[in-house]
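Undergrad: Top to bottom, those sequences are chains A and B. Numbers 1 to 537, taken from the working numbering, label the letters of the first sequence in order. Numbers 1 to 178, taken from the working numbering, label the letters of the second sequence in order.
Wrong hints could be hidden among the right ones.
[Claimed, not checked] SDA-like mimics (lysine to any residue), calculated; alpha carbons at most 25 Å apart, straight line:
1. B:4 x A:218
2. A:497 x A:125
3. A:204 x A:510
4. A:434 x A:195
5. B:35 x A:202
6. A:204 x A:521
7. B:4 x A:129
8. A:426 x A:309
9. B:4 x A:195
10. B:69 x A:248
11. B:35 x A:235
12. B:172 x A:238
13. B:4 x A:202
14. B:4 x A:521
15. A:497 x A:522
16. B:35 x A:201
17. B:4 x A:522
18. B:172 x A:240
19. B:69 x B:14
Since the hints were derived computationally from the structure, they do not count as laboratory data. Values in this document were obtained by computation on a predicted structure and should not be read as measured data.
Residue strings, one per chain:
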Amino acid sequence: MSTATDTANEDLQHDHHDDHHAHHAPSGITRWLFTTNHKDIGTLYLWFAFIMFLIGGAMAMVIRAELFQPGLQIVDPNFFNQMTTVHGLIMVFGAVMPAFTGLANWLVPMMIGAPDMALPRMNNWSFWILPFAFLILIGSLFLPGGGPNFGWTFYAPLSTTYSNDSTALFVFSVHIMGISSIMGAINVIVTIFNMRAPGMTWMKMPLFVWTWLITAFLLIAVMPVLAGAVTMVLTDKFFGTSFFDAAGGGDPVLFQHIFWFFGHPEVYIMILPAFGIISHIIPTFSRKKLFGYASMVYATASIALLSFIVWAHHMFTTGMPVGAELFFMFATMLISVPTGVKVFNWVATMWRGSMTFEVPMLFALAFIILFTIGGFSGLMLAITPVDFQYHDTYFVVAHFHYVLVTGAIFSIMAAVYYWLPKWTGKMFDVTLAKWHFWCSLISVNLLFFPMHFVGLAGMPRRIPDYSLQFADFNKWISIGGFAFGLSQLIFLAVLIKASRKQGEPVDDRVWEGAEGLEWEIPSPAPYHTFDTPPVVK
Amino acid sequence: MVIKLVTIVVGMFGFGFALVPLYDVFCEITGINGKTDNTAAVYESVIVDDSRTVTVEFLTRTHTGMPWKFEAQTQRIEVHPGELNTVEFYVRNPASRPIIGQAIPSVSPGTAALYLNKTECFCFNHQPLQAGEEALMPMQFYVDPQLPEDISFFTVQYTLFDVTANATETEKIAMTQR
Ligand code: HEM
Ligand SMILES: [Cu+2]
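Isolated chain B (complex conformation) (with noise of 0.2 Å):
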């Protein structure tokens, strides 16, 4: 008996950290906290329907303790659905050290997540900029055609991170080099 109820102790503390990932895929089933693909999709055969129009409106921010300036050069876009197109976003880092940072997508309303098909970001990568360093990283996306039709409307917000602590080997060596 004492040694089922620790069994069920040990599951259960497992079952804690099991709530991450199930989190994770979760989310990524449902869409539901507006999180985006990490990876690239492809584009192929996908029917444009010109007959509607979606507003995609972009938002940036940098998060406490990120020096960089950070801003979408297209703030707002209307897009048919089933069409590619690309968006671009300046930053600059005006500290006087290196910094990598990791921008984080998030869609509202997080539903409209799962139909926002990314075939290139910037947020799928660590981006390192030297001092004073200047970029324009582009996003290349369609709409899902898919898209319910009660969404015409929907927000990205990409955070940007300083993750410069976290950089591995062979990114603080070719910070090093340039």
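Bound-form chain A, shown alone (with noise of 0.2 Å):
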């Protein structure tokens, strides 16, 4: 995809820029809490992502630290439910979710030529209630009683008849993060349908922004469900429904099936703005034009529309008929098509590519081959029969991680290593990037492999104690834990060095391979960029 902005377009941006100077005068706090640029927004989005990540992070140390041996050490069961309870809803809402909208916020528009998002105003809104949201979640966890322990899944029975009153907080916080995520995607759909620059037909749109375009639609379809799904578990434990109670003619599979079919495409929504980042790197570090641009542009398009008729995939055991576990088997099966598609235009993009291997193509190579990783577990669970016994253990753990945190964050991590520089105009500090990435990629195998192994063996999830078998494997899953949590300081240390501007300058394209509209304009990206559209060629 060849663009080109000429040099007429760049010295009226200039003196555009200088007109503006006016807009981002307010300094301090103030320029953060009313900002409506896109870039501010972004930058927001992604610290906010970081600070979740962090937090969440620590209870994920609470979790193995209780974990590193069997018995019951460090804390009462109860609140060890509570934690993994808020480590999966803060990962999930908190860090994965804001973070790829904050790299929408600052792509999308440079990338289609848009001078900012189309709705700059909300975006403000949809970012600025996200943080109420998290401060009654996690404040809830300090109430007499404490927060949410059911599982991120919040099934009921659990979270009606035997949760506690804070339960009302958990479901206003899942309200507001829903209203911030269908905020942001119609932010991001309206701004790619209307604000295109000229030339930039559908199909030579940026992978990223393709993925976005599909993912948020995924949002606005899902995240009203989920919402009414706890809208339901409220009215159930305090207004007398019986939705979900078998005694007033509910039934608690139907809650079940709610928070599936809204659960299934949630994990699509965490993993196609990857696979746009990783196809913007490949072809990056690879010297080669993405290879199957349109496959991949119709492989995104059919996992999106295959994730609705999948969900009870995760309801195997649930005492469904012979047919329905076995259609459901099927079409889950069936995802498994574009996905491999996709790796293997990956793999195509890099055959006898001339390949360096940059901290983000570090990153992106990982995620290829550890993301694969989790998908053929994935593909294990999807046996109906095998489910039976994989069900609700640590296999199913060491899955999810796989797929979530060598996948879906190490694509978040790829992403912000390959922008940065353009963010910043600062190559960000490249050796602790490399042990930033060495560090990880070691410890998060640590972490996760050997849950394979417990999960196989039979550990169950979501249990503070186990029996003695598992003690050897559960210590080196700790320690790889530690190890994992510790590598981020590393990042943080990158973060911070970069956000002080340190580093040498870098130039427009910043990377030798780079090609896209982001890349023309100059670093760091102005604040205002593209006032005049781009002619794409």
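Put the two chains together into one complex; each comes in its own frame, and the hints tell you how they fit.
TA: So, in structure tokens, the structure goes:
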């Protein structure tokens, strides 16, 4: 895809830049509170996500400390359950999703040649309600009786009959998170539909933009269903309805259907933008065009559509009839076809490319290999009869951490390292970043790989204690966990240095093989870009 | 555009709730989650199929917090499809306060639920018992002769819930007057 901004345009931009100085005059906290600039909001989202990543990570450290040895040592079981619950909620809704929204804010306008997001004020709102959602959620942990303890999946009746009163706070915080991500998604869709530069046809759109567009549609389709599910939990618990209570004519299994109707598309919400990111980084450092651009677009769309008909693979053990078990088994396996297409396309892109291994590329390569491991364990879980054994064991925990940590989160790290020099105008500390990569890579596998084994051997998930035969593996898992947690402090150091604008200045293109509109504007990206739309050839 | 997207959002929020009746209708038509009909069937010109016998087993349990004793008088019965049978269930309220119970049936394998026709069942209504009171609750049923050939055995499980908190005003008055 070749794009060009002619010099006249660039001059114009600089003029505009000066005109706009009045806009970013407010400094200090008000600049960030009232900002409607997509770059500021992107930065806010990314820092917020990173802070949530550290808080959620601290909770994981509590979990791993308790599981370091068999027996109950450090926390009581109820608090342990609160930790697994809130860890999951924070990582999904507080870390991964806001990080992707932050990247979308920064990158979508720059990639399609738009001056900003289509609905800047709504953009400000959708970010600023998020901290309140998480204040409520985390605050509920300090109330008498504690916070939510029923798992991030909040199955009824655990979240209705057996939960404590802080469930109301949990419900409201999920409502706010939902509203925030719906607003973010609407913004992305409107921006992409209405604000593409002349010549930026659908099939010229960069893949990050494509994958985010499809993700945004998934978001507006399923976040309202989640909002409905938490609302039903709220009314069942406090207002005497019986959506999920058999005594009143409801059905607890219905909860699982509603939740997973949201839940499975949700896992794709957390991975499709990652596919987009990897599809930018691999071609850059292979110095080749992406292999099979069109097939990537169609694969993304078909994954999104299929994700609506596989939800009951989370429910194989609820006593569904054989016909339904088989349907959901085959539908689930069908999804791995377009996913496989993507992996093959990335490999084909690297084939005979002149590859170099800068930090973003290291993360992208680790992503491809480790995400594929997660895909394979997913396929194993999709086989109905074996899932009867694997369900609710550490094997499932291993599966979704491979796809989420070494998948989604590694892709976010790759993206940050890839675009950070464009944002700050300076190269980040490469030595530190390499330490971050290698420490993370080794520790993350020590952390999650043995979980496959303890899972296959029958260790159940979400328990504060376990039988003795799992002790050795759990010790290693915990050591891997602490090491992975500490490695993220290296990332923090890199980011602090970068935000202080330390480092070598970079040129506009930053990476030799980088292609796309965002590499044609100056580094650091000026506060306002593309006030006059570029012409895409 | 924004309005269209907001309409989708509102529509999907509604869809989440629409899943509740949809689920019930779907299960009723296909019978896949073992829910039986909540209204009395009519026993009329049903042909008894003497050539087949089907074993029906009755299980009982009480939900957490429900103190009643609850037992099937007949735990297992062999019936011919089409034949009308009555079984009884014993209940006793050992608590020192009146309690209203509600039994919820569940049939396994689920598909058999479609062919279990109850002409009379205690599970159609709330069942009040005074403190210390005991009762025999009848259930009259026949198995539809259309029952698929491969089912020769099925289980009906009743779970008894304490629904005193959800009692209607008339029920409350009736309980205090007795
Ligand atoms: C090849 C593709 C995949 C297949 C076949 C697959 C299959 C499955 C199955 C069958 C389960 C249920 C296991 C059980 O509870 O017994 C599961 C759980 C899960 N999967 Fe996947 N999966 C795939 C990809 C992904 C991706 C890409 C993500 C997220 C980025 C993901 C996230 C999850 C999560 C979070 C759970 C656990 C949910 C919970 O119970 O807490 N999966 N997967
Ligand atoms: Cu799934």
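Undergrad: Can you give the numbers of the hints that this structure goes against, from lowest to highest?
TA: 2, 4, 5, 8, 14, 16, 17, 19
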